[in-house]
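Protein chains: 4
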Amino acid sequence: MSLNSFGHLFRVATWGESHGPALGATVDGVPPGVAVDAGMLQHWLDRRKPGQNRYTTQRQEPDQVEILSGVFEGKTTGTSVQLMIRNTDQRSKDYSEIAEKFRPGHADITYWQKYGIRDYRGGGRSSARETAARVAAGGLARAALDHLAPGIEIKGYMVQMGPHKMNRDRFDWDQIEQNPFWVPDAQAAGDWADYLDALRKSGNSVGAVVEVVARGVPAGLGAPIYGKLDTDLAAAMMSINAVKGVEIGEGMAAAELTGEANADEIFMGNDGQPVYSSNHAGGILGGISTGQDVVVRFAVKPTSSILKPRQTITKSGEATEIITKGRHDPCVGIRAVPVGEAMMACVILDHLLLHRGQIGDAGGKIG
Amino acid sequence: MSLNSFGHLFRVATWGESHGPALGATVDGVPPGVAVDAGMLQHWLDRRKPGQNRYTTQRQEPDQVEILSGVFEGKTTGTSVQLMIRNTDQRSKDYSEIAEKFRPGHADITYWQKYGIRDYRGGGRSSARETAARVAAGGLARAALDHLAPGIEIKGYMVQMGPHKMNRDRFDWDQIEQNPFWVPDAQAAGDWADYLDALRKSGNSVGAVVEVVARGVPAGLGAPIYGKLDTDLAAAMMSINAVKGVEIGEGMAAAELTGEANADEIFMGNDGQPVYSSNHAGGILGGISTGQDVVVRFAVKPTSSILKPRQTITKSGEATEIITKGRHDPCVGIRAVPVGEAMMACVILDHLLLHRGQIGDAGGKIG
Amino acid sequence: MSLNSFGHLFRVATWGESHGPALGATVDGVPPGVAVDAGMLQHWLDRRKPGQNRYTTQRQEPDQVEILSGVFEGKTTGTSVQLMIRNTDQRSKDYSEIAEKFRPGHADITYWQKYGIRDYRGGGRSSARETAARVAAGGLARAALDHLAPGIEIKGYMVQMGPHKMNRDRFDWDQIEQNPFWVPDAQAAGDWADYLDALRKSGNSVGAVVEVVARGVPAGLGAPIYGKLDTDLAAAMMSINAVKGVEIGEGMAAAELTGEANADEIFMGNDGQPVYSSNHAGGILGGISTGQDVVVRFAVKPTSSILKPRQTITKSGEATEIITKGRHDPCVGIRAVPVGEAMMACVILDHLLLHRGQIGDAGGKIG
Amino acid sequence: MSLNSFGHLFRVATWGESHGPALGATVDGVPPGVAVDAGMLQHWLDRRKPGQNRYTTQRQEPDQVEILSGVFEGKTTGTSVQLMIRNTDQRSKDYSEIAEKFRPGHADITYWQKYGIRDYRGGGRSSARETAARVAAGGLARAALDHLAPGIEIKGYMVQMGPHKMNRDRFDWDQIEQNPFWVPDAQAAGDWADYLDALRKSGNSVGAVVEVVARGVPAGLGAPIYGKLDTDLAAAMMSINAVKGVEIGEGMAAAELTGEANADEIFMGNDGQPVYSSNHAGGILGGISTGQDVVVRFAVKPTSSILKPRQTITKSGEATEIITKGRHDPCVGIRAVPVGEAMMACVILDHLLLHRGQIGDAGGKIG
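Chains as they are written, first to last, in the working numbering: chain A, 1 to 367; chain B, 1 to 367; chain C, 1 to 367; chain D, 1 to 367.
Since the hints were made in silico from the structure, they are not lab data. Heads up, a few of these hints could be off.
Any copy, or any two copies together, can satisfy a pair, since identical chains are not distinguished.
Quick list of in silico lysine-lysine cross-link-like pairs, BS3-like style, CA-CA up to 30 Å [claimed, not checked]: (1) Lys49 <-> Lys325; (2) Lys365 <-> Lys155; (3) Lys75 <-> Lys325; (4) Lys165 <-> Lys201; (5) Lys308 <-> Lys325; (6) Lys165 <-> Lys365; (7) Lys165 <-> Lys155; (8) Lys365 <-> Lys75; (9) Lys155 <-> Lys308; (10) Lys165 <-> Lys308; (11) Lys165 <-> Lys315; (12) Lys308 <-> Lys201; (13) Lys365 <-> Lys308; (14) Lys75 <-> Lys315; (15) Lys365 <-> Lys315; (16) Lys49 <-> Lys308; (17) Lys365 <-> Lys325; (18) Lys165 <-> Lys75.
Turn these sequences into a full structure, and let the hints steer you where they fit.
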């Protein structure tokens, strides 16, 4: 009943604090024979690495991942894989003030109320640095998926920054890697840059909405009830720091649809597989994948570490004002994109293994 | 790794199909000495019972719960509690057509693709009847909460039906039990009645948004990372049939806020407990409860069993049209209200027990 | 983290008390398409049914199992299977005395100390009646094994009653079903009958050693570390009422062997599979099956419900003497045989599913 | 469903191979506020460190443990604790031969058959080096027990080496730390020294029986069924490398007792707590602790890495002979003593936390 793990058969337990010696992930249930090395995982880590442009924290964290176990001569052995990332650039002094004050909107106060002790340096365990371990584990999951089910593509991107939504009519996959916001809309990228520059200079921050899509997921993955594919995706995304909402397919907007409008009509495709007239379901019906794109969105709240003064209290209960200096992300949603991709990869792999285990090839054919 | 269970220490495994002999819940980790009887659980079950007004299915399901284990002389013994509900009114003939055709927007096709066999009668395991077992287990969780932490109040209500949102300025707790929609807004109740009447007569259905609030939850509940209170709530709500989105506090709207606007400022209350200027966080920071109201919302899609003809295919892959006769809910969101309450009760109790186990009284005081 | 379940992917949660309305097992992770009906499960239940000869309790318990979910038209659907056994012959008055007194060697006192409440009727949850649910679940596991891996044979038998051990030189499989003790040694069966008759008449009871063998288990099952095949078998057997010791292969006697004597030498068989010169390992090396017979033994202590007077105390702490009337097994080891078989079947199936899930066909060939 | 973890609330996942860069344990569910540092854990690690006398392998492994997370300013924070031990002295060449040959009695062949790949250097994951991580985690569990339930003492010792059993009449606690075998019998220590010297010189090895006792464990710990205290202890001990049998209290000998002899009679002690005339139960009744000493024994088979030639096969299936050079323990049971203590500490702590969580102070009083 590990409360610091996620996944069923493919199980990831992350550990480590922002300013401890290291952080990492213990990954259990890895299929054997998967070709993987540190470089393959580093590729994904570098995408969330801070300090790459002016829109993310200027902390210099090389985030070099080491594989300490479970890989032999370039292949996974089927035993647990330990992924470790050393913490380097740690200006603890930046955090001295928050040792006594609780940042509004931050976990400072709840960690204290729960545990009676907390590592206040950089948020300790509640720091978004924890997500580096997820991204490393997600890279391992991607390698395993490529080995077991080639053709599954997982892609994340931002669809909204603050009040500004991208224009779906301009959706362009090729744009995603072309701008610092991973937004598939060149014009939005430009507008958002201006918006975020002004916000950053004012010492404020803002939220965002990230969408993650998995293409090529076979039909039949998911385990009702309660290990539904959408249930596990909702838990995976909501477990990411600062996430306040999760949507599958139509998400909250499904409330506004009639049954007639919401029902994705079914036809037979030329390849003998079912095709759908639409994908309101986000690729999941009854907790099981349909074979369509699996579409998940999540909202990331603005970081609470800002230069705007806010009213708060100290551990001893005195009223005070707080301004959080230090180097923080004006929009943490940007770096949440590779994290969302990683969680998607872990959940899809987990359910692929679960399906192999309980069902094997018993699934039903159509036609 | 039960995929048919939820919860950690307080663990609920539901079982049963819509048209099998019975369905129920096996509840593990129940604290001993809790006063409970079938009547107390029946109270909650009756709230989701169909056929109570013209806005829910006219199926007659008495949904009588029996306690088969774990209770002795009116008190829980600490051993597993088995809650069983016999299935009665079963017009299997109503479902003969869908044995061969897949309802668009329904789990028919994915269950077939996953398992190669399915109990098509009334949706079998994918039927919303499964939620009756959740409500019974939720009643048990409420009794345990009253025993261990008196004063926690859990209340669910609808805030949106189709495109029609309630008016928060008219929010009135006393209205919730006064209308068939459990909406805390008398005017909305009237408008929705007209809207749903028309929709029902047209053989269509519609979605809804349900909000569930837990008041009096102590600060410190939740287990980062990944057994966060919000993570478990997101999983619990997303696991409910037809749910497509889950929000905590501001939810998806958090994306539009600045850090300055989102940060709930902290003050000391007269009772020596922290108070907050607002509750954008929905009572949870860093996955741990703050002591404010825990606020969760979820969107329920419209039922896919409608009288509107839709294009689909048969098991043999032939194109066809389907109209789902039978007695279906025009808005399943209505009956999702007591289900959401039940899930909230189970999750809060589970985390209360987890906190007692790992933390005990080590939590930090303020002031 | 259900504490009332065992298994990983194939997961069994038993519930119910000796004198409640019913007891049963909620079985999760059942593969779909397995042909099974109540009669097939009843076959195994009848083997542990009491009152079949003078060596077991004379309680009349028909132990009729009902399948309430997860089976449709004679086949498993892949959803949870609920197995229920109604309690019938319940002479609660027989147990009135032990409501206040603690039986030495029984769970009476520990259940009271743990829970502060207990169902004293027939031992409540601590009654060996709970094992009926295990046998029903084991029958389901056997059916799934026959479906997925035909040729696995699981057989249990007694090898020792009190101080009397069977003679291995007379080992005869065909004898097992020929005597009330399931001992593969006709002469031992006769001797034990005389011994147990005398013991029973004196109002005493005695322990036993049961051995369970699984033949035809493929090499490669088991998940080091800690889901080893032997670890899970040890837990499964130790969880049976009254079991105090578990052995794999040589068991405790392995301590007396030298490395030279203990090492089962390896050769190639005519079928291209490895063969071994001996099976000190009991078919398990490093927690993984070798393909040899999986051999487990467990010791069952004598029942503590005897007619011999013993010194004890009451709930109020007063010294007293107790004689337990009622109809008890003089040697509970006899009825533990089918229970041990059931646990073996569940563990083997669970690890077969786990292996399919994580490993698939990645296992290594020899030659 | 981590298969590389043990424990429920206090959960330990070990990772690492014998000749990888490092190995360790990820420990979840640690209570906060526990004073601990690397030195405290090192104390226990040093007890199992090899090369301390001529009866253990002469490998030089400093086994220095590092705490990478979960401890801040000398106290546990309640977040996951990562314990890492770097591998140093690695003469991989010693193991070159076994890359192609399977050692009889060793996991070489089963790892290959399961995974199709294995780290053959020093046994990789199947190496007893893995137990170093357990001992480190056990040290953490001891510190938590001292913090939460002072007065619990956990002690392990050898009671048998090969055919030679200690003499219980000479049992002397003070002797345990006085001899290389941790045997509480000075005369046995001398005899065993001579016996093992001869065995070692002959290139052979031998098994042993280890007993672990926990004193001061409160009554009421354990969670029937299936998280029984004895079930979890059996699993914990059987999961240790080379263990083939586990006993609680009388263990296998319980089979020889009558109910009259086996029933530990109950009396009231002067302190108002129950006392027992004997402890055949090993401190556990119905899976729940009685308050008496918890007594567990386990048998360790002889190491299969010996200088005696044995017949075996190669990966390609050719018959061959093998002699395992290198520096191996003539009796691995010696170093299993601190490992058994560590497992006992982890299980007791886990059940203490579980009891706090589900039961709190609801337990029943006597008198």
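Do the hints match the structure? See the list:
1. When the C-alpha separation of Lys49 and Lys325 is checked against a cutoff of 30 Å, the pair qualifies only within one copy, where the shortest distance is 20 Å, while the shortest distance between copies is 48 Å.
2. Taking the shortest Cα distances, Lys365 and Lys155 sit within 30 Å of each other inside one copy (29 Å), while across copies they are farther apart (37 Å).
3. Taking the shortest Cα distances, Lys75 and Lys325 sit within 30 Å of each other only across copies (27 Å), while inside one copy they are farther apart (44 Å).
4. Taking the shortest alpha-carbon separations for Lys165 and Lys201, only the intra-copy value of 22 Å comes in at or below 30 Å, while the best inter-copy value is 37 Å.
5. For a Cα distance limit of 30 Å, the shortest separation of Lys308 from Lys325 inside one copy, 10 Å, qualifies, whereas the shortest one across copies, 59 Å, does not.
6. In this homomeric assembly, Lys165 and Lys365 never come within 30 Å of each other (Cα to Cα): the closest approach is 40 Å inside a single copy and 42 Å across copies.
7. Proximity of Lys165 to Lys155 under the C-alpha cut-off of 30 Å is restricted to the intra-copy arrangement: shortest distance 18 Å within a copy versus 33 Å between copies.
8. In this assembly of identical chains, the alpha carbons of Lys365 and Lys75 lie at most 30 Å apart only when taken from different copies (18 Å versus 34 Å within one copy).
9. Within a single copy, Lys155 and Lys308 get their C-alpha atoms no closer than 34 Å, and across copies no closer than 36 Å, so neither meets the 30 Å cut-off.
10. Taking the closest pair of Cα atoms, Lys165 and Lys308 come within 30 Å of each other only inside a single copy of the chain (25 Å); across copies the shortest separation is 34 Å, beyond that limit.
11. For the homomeric pair Lys165 and Lys315, neither the shortest alpha-carbon distance inside one copy (40 Å) nor that between copies (41 Å) is at most 30 Å.
12. Taking the closest pair of Cα atoms, Lys308 and Lys201 come within 30 Å of each other only inside a single copy of the chain (11 Å); across copies the shortest separation is 55 Å, beyond that limit.
13. Only between protomers do Lys365 and Lys308 lie at most 30 Å apart by alpha-carbon distance; the minimum there is 27 Å, versus 59 Å within a single protomer.
14. When the C-alpha separation of Lys75 and Lys315 is checked against a cutoff of 30 Å, the pair qualifies only between copies, where the shortest distance is 19 Å, while the shortest distance within a copy is 50 Å.
15. Only between protomers do Lys365 and Lys315 lie at most 30 Å apart by alpha-carbon distance; the minimum there is 8 Å, versus 62 Å within a single protomer.
16. Within a single copy, Lys49 and Lys308 get their C-alpha atoms as close as 26 Å, which meets the 30 Å cut-off; across copies the closest is 51 Å, which misses it.
17. For the identical chains of this complex, Lys365 and Lys325 are inter-copy neighbours only, at 26 Å across copies versus 59 Å inside a copy, given an alpha-carbon limit of 30 Å.
18. In this homomeric assembly, Lys165 and Lys75 never come within 30 Å of each other (Cα to Cα): the closest approach is 42 Å inside a single copy and 46 Å across copies.
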